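K.L.:
Residue numbers (my numbering): 1 to 130.
One thing to keep in mind: the hints can contain errors.
For each label pair, taking beta carbons as the anchor points, the in silico distance ranges come out as [what the hints assert, rightly or not]:
| no. | residue 1 | residue 2 | range |
| --- | --- | --- | --- |
| 1 | K32 | A90 | 19 to 29 Å |
| 2 | L118 | A17 | 17 to 27 Å |
| 3 | G127 | A29 | 19 to 29 Å |
| 4 | T6 | A95 | 31 to 41 Å |
| 5 | R124 | T40 | 35 to 45 Å |
| 6 | T6 | L118 | 13 to 23 Å |
| 7 | I111 | M1 | 13 to 23 Å |
| 8 | P101 | G127 | 16 to 26 Å |
| 9 | R42 | P129 | 47 to 57 Å |
| 10 | R124 | L28 | 31 to 41 Å |
Simulated from the structure, these hints should not be mistaken for laboratory data. Quick caveat, the model's predicted, so the values are computed rather than measured. Every residue gets a Cβ at the ideal spot worked out from N, C-alpha and C, and that includes glycine.
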Amino acid sequence: MIKSDTTRQIFFGITAAVFLAIATRAWLAPEKMAAGLGYTLRAPNGYSELFAVYIGIWVATAALALVAAYKVKDALPGDLLAMFVLAQPAGRLLALPEWGPPQGTLFVMFIIEVVGGLALLLVRPSGPPR
1 MIKSDTTRQI FFGITAAVFL AIATRAWLAP EKMAAGLGYT LRAPNGYSEL
51 FAVYIGIWVA TAALALVAAY KVKDALPGDL LAMFVLAQPA GRLLALPEWG
101 PPQGTLFVMF IIEVVGGLAL LLVRPSGPPR
(Lines of atoms letter the chains of each structure in order from A and count residues from 1; the text may use other names and numbers.)
(Lines give C-alpha, C1' and ligand atoms only; values in the text may rest on other atoms or scores of the structure.)
Protein backbone atom coordinates (compact mmCIF):
# COMPACT_ATOMS: atom_id res chain seq x y z
CA MET A 1 0.00 0.00 0.00
CA ILE A 2 0.99 3.58 -0.63
CA LYS A 3 0.31 6.29 1.94
CA SER A 4 -0.04 9.57 0.09
CA ASP A 5 -2.75 12.20 0.45
CA THR A 6 -1.63 13.96 -2.73
CA THR A 7 -1.83 10.78 -4.81
CA ARG A 8 -5.25 10.01 -3.33
CA GLN A 9 -6.50 13.48 -4.23
CA ILE A 10 -5.19 13.10 -7.79
CA PHE A 11 -6.91 9.70 -8.14
CA PHE A 12 -10.14 11.12 -6.74
CA GLY A 13 -9.96 14.09 -9.11
CA ILE A 14 -9.37 11.84 -12.13
CA THR A 15 -12.27 9.62 -11.06
CA ALA A 16 -14.58 12.64 -10.70
CA ALA A 17 -13.56 13.98 -14.12
CA VAL A 18 -14.11 10.62 -15.86
CA PHE A 19 -17.56 10.09 -14.35
CA LEU A 20 -18.60 13.68 -15.11
CA ALA A 21 -17.39 13.33 -18.70
CA ILE A 22 -19.33 10.10 -19.24
CA ALA A 23 -22.45 11.58 -17.62
CA THR A 24 -22.17 14.67 -19.83
CA ARG A 25 -21.82 12.51 -22.95
CA ALA A 26 -24.90 10.50 -21.94
CA TRP A 27 -26.86 13.71 -21.41
CA LEU A 28 -25.82 15.26 -24.73
CA ALA A 29 -26.04 12.12 -26.89
CA PRO A 30 -28.15 9.44 -25.17
CA GLU A 31 -28.90 7.49 -28.36
CA LYS A 32 -25.21 7.38 -29.31
CA MET A 33 -24.26 6.29 -25.78
CA ALA A 34 -26.89 3.53 -25.83
CA ALA A 35 -25.85 2.35 -29.29
CA GLY A 36 -22.22 2.12 -28.15
CA LEU A 37 -23.37 -0.12 -25.31
CA GLY A 38 -25.36 -2.36 -27.62
CA TYR A 39 -28.93 -1.27 -27.02
CA THR A 40 -31.53 1.05 -28.50
CA LEU A 41 -33.65 3.65 -26.72
CA ARG A 42 -37.25 3.30 -27.89
CA ALA A 43 -39.54 4.62 -25.19
CA PRO A 44 -39.60 6.94 -22.17
CA ASN A 45 -38.58 4.13 -19.80
CA GLY A 46 -35.40 3.49 -21.77
CA TYR A 47 -34.40 7.14 -21.57
CA SER A 48 -35.38 7.29 -17.93
CA GLU A 49 -33.19 4.29 -17.09
CA LEU A 50 -30.23 5.57 -19.08
CA PHE A 51 -30.49 8.99 -17.41
CA ALA A 52 -30.91 7.41 -13.95
CA VAL A 53 -27.76 5.31 -14.26
CA TYR A 54 -25.48 7.14 -16.68
CA ILE A 55 -26.27 10.60 -15.40
CA GLY A 56 -27.80 10.33 -11.93
CA ILE A 57 -25.59 7.64 -10.43
CA TRP A 58 -22.46 8.75 -12.25
CA VAL A 59 -22.82 12.39 -11.22
CA ALA A 60 -23.34 11.17 -7.65
CA THR A 61 -20.19 9.04 -8.00
CA ALA A 62 -18.28 12.10 -9.22
CA ALA A 63 -19.62 14.08 -6.25
CA LEU A 64 -18.47 11.32 -3.89
CA ALA A 65 -15.01 11.51 -5.51
CA LEU A 66 -14.90 15.25 -4.79
CA VAL A 67 -15.97 14.66 -1.17
CA ALA A 68 -13.25 11.99 -0.87
CA ALA A 69 -10.68 14.45 -2.24
CA TYR A 70 -11.76 17.10 0.24
CA LYS A 71 -11.78 14.62 3.16
CA VAL A 72 -8.58 12.92 1.98
CA LYS A 73 -7.48 11.98 5.53
CA ASP A 74 -10.75 10.08 6.10
CA ALA A 75 -10.52 6.66 4.43
CA LEU A 76 -14.29 6.03 4.38
CA PRO A 77 -15.35 8.32 1.47
CA GLY A 78 -12.52 6.99 -0.70
CA ASP A 79 -13.32 3.39 0.18
CA LEU A 80 -16.99 3.98 -0.66
CA LEU A 81 -15.90 5.50 -3.97
CA ALA A 82 -13.77 2.42 -4.70
CA MET A 83 -16.79 0.24 -3.89
CA PHE A 84 -18.92 2.18 -6.41
CA VAL A 85 -16.22 1.84 -9.09
CA LEU A 86 -15.65 -1.87 -8.38
CA ALA A 87 -19.39 -2.60 -8.35
CA GLN A 88 -19.39 -2.17 -12.12
CA PRO A 89 -16.90 -4.94 -12.95
CA ALA A 90 -18.53 -7.08 -10.25
CA GLY A 91 -21.85 -6.71 -12.07
CA ARG A 92 -20.15 -7.55 -15.36
CA LEU A 93 -18.75 -10.72 -13.76
CA LEU A 94 -22.29 -11.73 -12.73
CA ALA A 95 -23.32 -11.60 -16.40
CA LEU A 96 -20.26 -13.56 -17.56
CA PRO A 97 -21.46 -17.17 -17.05
CA GLU A 98 -24.65 -16.74 -19.04
CA TRP A 99 -23.78 -14.11 -21.65
CA GLY A 100 -20.00 -14.08 -21.81
CA PRO A 101 -17.51 -11.30 -21.21
CA PRO A 102 -18.09 -7.71 -22.26
CA GLN A 103 -16.84 -6.96 -25.75
CA GLY A 104 -15.04 -4.09 -27.43
CA THR A 105 -15.15 -0.82 -25.54
CA LEU A 106 -16.95 -2.41 -22.58
CA PHE A 107 -14.12 -4.92 -22.14
CA VAL A 108 -11.66 -2.02 -22.01
CA MET A 109 -13.94 -0.29 -19.49
CA PHE A 110 -14.02 -3.50 -17.42
CA ILE A 111 -10.21 -3.48 -17.18
CA ILE A 112 -10.12 0.26 -16.36
CA GLU A 113 -12.79 -0.19 -13.67
CA VAL A 114 -10.85 -3.01 -12.00
CA VAL A 115 -7.51 -1.22 -12.14
CA GLY A 116 -9.01 2.13 -11.11
CA GLY A 117 -11.04 0.69 -8.23
CA LEU A 118 -8.09 -1.27 -6.87
CA ALA A 119 -5.83 1.80 -7.21
CA LEU A 120 -8.31 3.78 -5.11
CA LEU A 121 -8.06 1.12 -2.40
CA LEU A 122 -4.27 0.77 -2.54
CA VAL A 123 -3.47 4.43 -1.90
CA ARG A 124 -4.29 5.15 1.72
CA PRO A 125 -4.36 8.33 3.82
CA SER A 126 -0.96 9.42 5.11
CA GLY A 127 -2.12 9.77 8.70
CA PRO A 128 -5.09 9.78 11.05
CA PRO A 129 -8.25 11.75 10.13
CA ARG A 130 -8.27 15.42 11.12
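K.L.:
Take the C-beta atom of P101 and the C-beta atom of G127, compute their distance, and say whether it sits inside 16 to 26 Å.
P.N.:
Given about 41 Å between the Cβ atoms, the range is violated.
K.L.:
Return holds or violated for the Cβ distance of G127 and A29 against the range 19 to 29 Å.
P.N.:
violated, 44 Å
K.L.:
Please check whether R124 and L28 have a Cβ separation lying inside 31 to 41 Å.
P.N.:
Because 36 Å falls inside the window, the suggested range holds.
K.L.:
Tell me if the beta carbons of R42 and P129 are separated by a distance inside 47 to 57 Å.
P.N.:
For P129 against R42, whose Cβ atoms are near 48 Å apart, the range 47 to 57 Å holds.
K.L.:
Are R124 and T40 spaced within 35 to 45 Å by their CB atoms?
P.N.:
holds, 43 Å
K.L.:
Return holds or violated for the Cβ distance of T6 and L118 against the range 13 to 23 Å.
P.N.:
holds, 19 Å
K.L.:
Against the range 17 to 27 Å, how does the distance between the Cβ atoms of L118 and A17 compare: consistent or not?
P.N.:
holds, 19 Å
K.L.:
Return holds or violated for the Cβ distance of K32 and A90 against the range 19 to 29 Å.
P.N.:
holds, 26 Å
K.L.:
Lying within 31 to 41 Å: is that true of the beta-carbon distance T6 to A95?
P.N.:
At roughly 37 Å between Cβ atoms, A95 and T6 fall inside 31 to 41 Å, so the hint holds.
K.L.:
Could you check the hint for me, namely that I111 and M1 are 13 to 23 Å apart, CB to CB?
P.N.:
holds, 22 Å
In the structure shown, a violation is registered for the earlier hints numbered 3 and 8, in ascending order.
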